[in-house]
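Undergrad: If you want the building blocks of each chain, they are given just below.
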Amino acid sequence: KQEVTQIPAALSVPEGENLVLNCSFTDSAIYNLQWFRQDPGKGLTSLLLIQSSQREQTSGRLNASLDKSSGRSTLYIAASQPGDSATYLCAVIGSSASKIIFGSGTRLSIRP
Amino acid sequence: SAVISQKPSRDICQRGTSLTIQCQVDSQVTMMFWYRQQPGQSLTLIATANQGSEATYESGFVIDKFPISRPNLTFSTLTVSNMSPEDSSIYLCSVGTGVNEQFFGPGTRLTVL
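Sequence order for the protein chains is A and B.
If you want the numbering used here, it's the position in the first sequence, counting the first as 1, plus 645.
If you want the numbering used here, it's the position in the second sequence, counting the first as 1, plus 27.
Honestly, I wouldn't trust all of these hints.
[To be verified] Pairwise CB distance ranges, derived in the manner of DEER restraints:
#, chain 1, residue 1, chain 2, residue 2, range
1, A, LEU656, B, PRO66, 14 to 22 Å
2, A, ALA654, B, GLY43, 29 to 37 Å
3, B, THR57, A, GLY728, 30 to 38 Å
4, B, GLN55, A, THR650, 33 to 41 Å
5, A, LEU656, B, GLN51, 31 to 39 Å
6, A, SER673, B, PRO112, 35 to 43 Å
7, A, ASN663, B, GLU81, 42 to 50 Å
8, A, GLU648, B, LEU140, 32 to 40 Å
9, B, LEU140, A, LEU664, 34 to 42 Å
10, B, PRO112, A, ASP684, 21 to 29 Å
11, A, TYR721, B, GLY79, 40 to 48 Å
12, A, GLN699, B, ASP53, 22 to 30 Å
13, B, SER96, A, GLY661, 45 to 53 Å
14, B, VAL89, A, GLN699, 35 to 43 Å
No wet-lab data here; the hints were simulated from the structure.
We treat Cβ as the ideally placed atom computed from N, Cα and C, and that holds for glycine.
My request is simple: use the sequences and hints to build the entire structure.
TA: Rendered as structure tokens:
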């Protein structure tokens, strides 16, 4: 059974710092991995999708990497801003491509 | 990508009543899902809404409590029946694209008194 873990559960850093959020999964036979952002009380916004054949994806200040063999993904945020404050969720779709399993999220706070 | 809307955005309901949540997508999609997010928790899949057939429910969720309709490829409803305070959550619908990228609606914030 696939399990997805995100560490740390919460992170607070001053504005301008670069930071890394971690996601690990137990079954390396994944179809793809997706990173989301969720603002309090809101829905999820898709940030980056990494397909199983890819090793990383970039969008603006965000870079996500995927290492299937070790069961890990990281989300790198460069030059953090207060507007980046949110909960970040990673999710994997297994090889059956039928359902998505979410991590518990990292609550990020960027201090001005 | 897909643009998804949900109605209502939030509601406060009395114990024992039912609420139907609507999910509308701007394009035809095969895969549509309903999730629940309890306060301070991550997302839990309730069911996969299948067009033209009964929804597929995950362990711990039953049709009598969470009936789902999927009359076409752009629309679905989730009903939360006989509500109790434990049903207070954010309910989200999502769709999967051809590469199984998931897109989510804005969510429905339900409070049961």
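Undergrad: Does each hint hold? Answer for all of them.
TA: Against the structure, the hints come out as follows:
1. At about 20 Å, the beta-carbon gap between LEU656(A) and PRO66(B) stays in the expected band of 14 to 22 Å.
2. For ALA654(A) and GLY43(B), the hinted distance range of 29 to 37 Å is satisfied, since their beta carbons lie about 36 Å from each other.
3. For the pair THR57(B) and GLY728(A), the beta carbons lie near 34 Å from each other, so the given range of 30 to 38 Å is met.
4. Take GLN55(B) and THR650(A): their Cβ atoms lie about 35 Å apart, and the range 33 to 41 Å holds.
5. Taking 31 to 39 Å as the suggested C-beta distance range, the pair LEU656(A) and GLN51(B) conforms, at roughly 35 Å.
6. Between SER673(A) and PRO112(B) the C-beta distance comes to about 40 Å, which sits within the given range of 35 to 43 Å.
7. Between ASN663(A) and GLU81(B), the C-beta spacing of about 48 Å keeps the proposed range 42 to 50 Å intact.
8. For the pair GLU648(A) and LEU140(B), the beta carbons lie near 35 Å from each other, so the given range of 32 to 40 Å is met.
9. At about 40 Å, the beta-carbon gap between LEU140(B) and LEU664(A) stays in the expected band of 34 to 42 Å.
10. Our hint of 21 to 29 Å for PRO112(B) and ASP684(A) holds, since their Cβ atoms are close to 25 Å apart.
11. Distance hint for TYR721(A) and GLY79(B): a CB-CB separation of about 43 Å, consistent with the stated range 40 to 48 Å.
12. In this structure the supplied range 22 to 30 Å holds for GLN699(A) paired with ASP53(B), their Cβ-Cβ distance being about 27 Å.
13. Between SER96(B) and GLY661(A) the beta carbon distance is about 49 Å. The supplied range of 45 to 53 Å therefore holds.
14. Between VAL89(B) and GLN699(A), the C-beta spacing of about 38 Å keeps the proposed range 35 to 43 Å intact.
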